[in-house]
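Chains Y and D, in that order, give the protein sequences.
169 is the number that numbering that gives the first Met the number 0 gives to position 170 of the first sequence; each next residue is one higher, with no gaps.
6 is the number that numbering that gives the first Met the number 0 gives to position 7 of the second sequence; each next residue is one higher, with no gaps.
Note that these hints are calculated values from the structure, not bench results.
Be careful, since some hints might not be right.
Pairs of lysine-lysine residues, derived as PhoX-like cross-links and limited to a Cα-Cα distance of at most 25 Å, are as follows [as the list claims (entries may be wrong)]:
no. : chain 1 : residue 1 : chain 2 : residue 2
1   : Y       : Lys35     : D       : Lys94
2   : D       : Lys68     : Y       : Lys240
3   : D       : Lys98     : Y       : Lys186
4   : Y       : Lys205    : Y       : Lys240
5   : Y       : Lys39     : D       : Lys94
6   : Y       : Lys186    : D       : Lys68
Values in this document were obtained by computation on a predicted structure and should not be read as measured data.
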Amino acid sequence: MKKALFVLTLTLVLAGLTLAEVGVKKKRPLPPDYGKVIIKNHSEAAGLAPVAFDHWLHRANFTCRLCHVDLAFAMNAQDIDIRAIDNMRGYFCGTCHNGRMIYDKRKVFESCAAEVTPETKDRCERCHSVGLEVKKEHDFAEFARKLPRERFGNGIDWEKADAEGLIKPVDFLPGVSVKRASTEIQKDISLEAKVEGMPDIVFSHKKHTVWNGCELCHPRIFIGVKKGRTHYSMTDISDGKFCGVCHGLVAFPLLDCQRCHAKPVGQPAQVPPAPPPVT
Amino acid sequence: MKHLQAVTACLVVCCVCAYTFVIPHGVSQSPIALLGHLAGSGVAYAEEAWRKEFDDICSRTEGSMALTKEELRELIGRGEKLKTVVETLDESTKKVFLKRLQMCVDLYKYLYEVKENK
Numbered sequence: 000m001k002k003a004l005f006v007l008t009l010t011l012v013l014a015g016l017t018l019a020e021v022g023v024k025k026k027r028p029l030p031p032d033y034g035k036v037i038i039k040n041h042s043e044a045a046g047l048a049p050v051a052f053d054h055w056l057h058r059a060n061f062t063c064r065l066c067h068v069d070l071a072f073a074m075n076a077q078d079i080d081i082r083a084i085d086n087m088r089g090y091f092c093g094t095c096h097n098g099r100m101i102y103d104k105r106k107v108f109e110s111c112a113a114e115v116t117p118e119t120k121d122r123c124e125r126c127h128s129v130g131l132e133v134k135k136e137h138d139f140a141e142f143a144r145k146l147p148r149e150r151f152g153n154g155i156d157w158e159k160a161d162a163e164g165l166i167k168p169v170d171f172l173p174g175v176s177v178k179r180a181s182t183e184i185q186k187d188i189s190l191e192a193k194v195e196g197m198p199d200i201v202f203s204h205k206k207h208t209v210w211n212g213c214e215l216c217h218p219r220i221f222i223g224v225k226k227g228r229t230h231y232s233m234t235d236i237s238d239g240k241f242c243g244v245c246h247g248l249v250a251f252p253l254l255d256c257q258r259c260h261a262k263p264v265g266q267p268a269q270v271p272p273a274p275p276p277v278t
Numbered sequence: 000m001k002h003l004q005a006v007t008a009c010l011v012v013c014c015v016c017a018y019t020f021v022i023p024h025g026v027s028q029s030p031i032a033l034l035g036h037l038a039g040s041g042v043a044y045a046e047e048a049w050r051k052e053f054d055d056i057c058s059r060t061e062g063s064m065a066l067t068k069e070e071l072r073e074l075i076g077r078g079e080k081l082k083t084v085v086e087t088l089d090e091s092t093k094k095v096f097l098k099r100l101q102m103c104v105d106l107y108k109y110l111y112e113v114k115e116n117k
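With the rest of the complex left out, here is chain Y (with noise of 0.2 Å):
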């Protein structure tokens, strides 16, 4: 009887670690992985690989304003649209992926092909991966190297690598972009944390909209037309809306928690200079 009743709890403590490892704990992304998109919407029906989008390897050599807003590609993996056609006719992917563009002096690759066939099939398997034994033509690892580390998401700080001209992401396509006047950059915003303690956030425009532009956040993810109308949590934020729809999936995740909240504590709240005399 007792023997029954050891094995019956070993076997109920062995049951509870495994679905703590694998049922309820957030496995957090390795370095190469965080921000991965994984695009299946048509792959199936077209009888191929979902597609394993890395966005490390693209947010390095492009800003988000010019894939997000330029090319029209969709926020979230569920609402990407993408057939084959679509990149065939120069939009999407295909819009770079067309083996005619020369990007840092080599061909980009073309992507999609009206039928998979054996003379197309590694062309398609490049970006529709998930699951099969593709070989990389670009190692994380040897990329990572020459940039300043963080401690979260793909191990990069990227605000710094491009504050120091080690990545350069390009911000206009010829033919794609349209010509925008230079953005009047707006003041940084302070928000109050709502935990005591909790140094306040400093929300920096200028940083933003040196990637972003201005209509890829307003007013699809941030409405509020008032300040101080609009009440964010970190509830919200961990379920992707606001901040994050990027941190977490794709800029610095939510776990670095000063990058945002960098406001000493204590420091009083800062007054706009006065406007001048009038004489």
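Given the coordinates of chain Y, work out where chain D should sit on it, guided by the hints.
Using the frame of chain Y, we list chain D on its own:
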């Protein structure tokens, strides 16, 4: 009567040609729009016209905070009007440019509301 028959025959031939030669190059799927394009100064010109208008509308997004309510209203109106043209284009072009246009128009609407609430 003979003239009417000839015109009808011409239109049919135009439609068939358009579907055969123009659609694969991604101009439009609507026969009415196609005829509109073809009746203009050629397909390229027609494409150029909507694209130019699109570029003009969306080129103001970065400096949009400085736009007046009147300017924003005008851009919103032009954007809504252009949407009806973009909707007649081929599926891929429509998919991309409707989304892009919507983003610009939505930003202008948002800023208009911000200014209204000030």
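Status of the hints after comparison with the structure:
1. Lys35/Y - Lys94/D: holds (24 Å)
2. Lys68/D - Lys240/Y: violated (29 Å)
3. Lys98/D - Lys186/Y: Violated, because 28 Å separates the two Cα atoms, which is more than 25 Å.
4. Lys205/Y - Lys240/Y: holds (21 Å)
5. Lys39/Y - Lys94/D: This hinted pair holds, its Cα atoms lying about 18 Å apart.
6. Lys186/Y - Lys68/D: Answer holds: lysine 186/Y to lysine 68/D is near 21 Å, not above 25 Å.
Hint compliance for this structure: hints 2, 3 are broken, all remaining hints hold.
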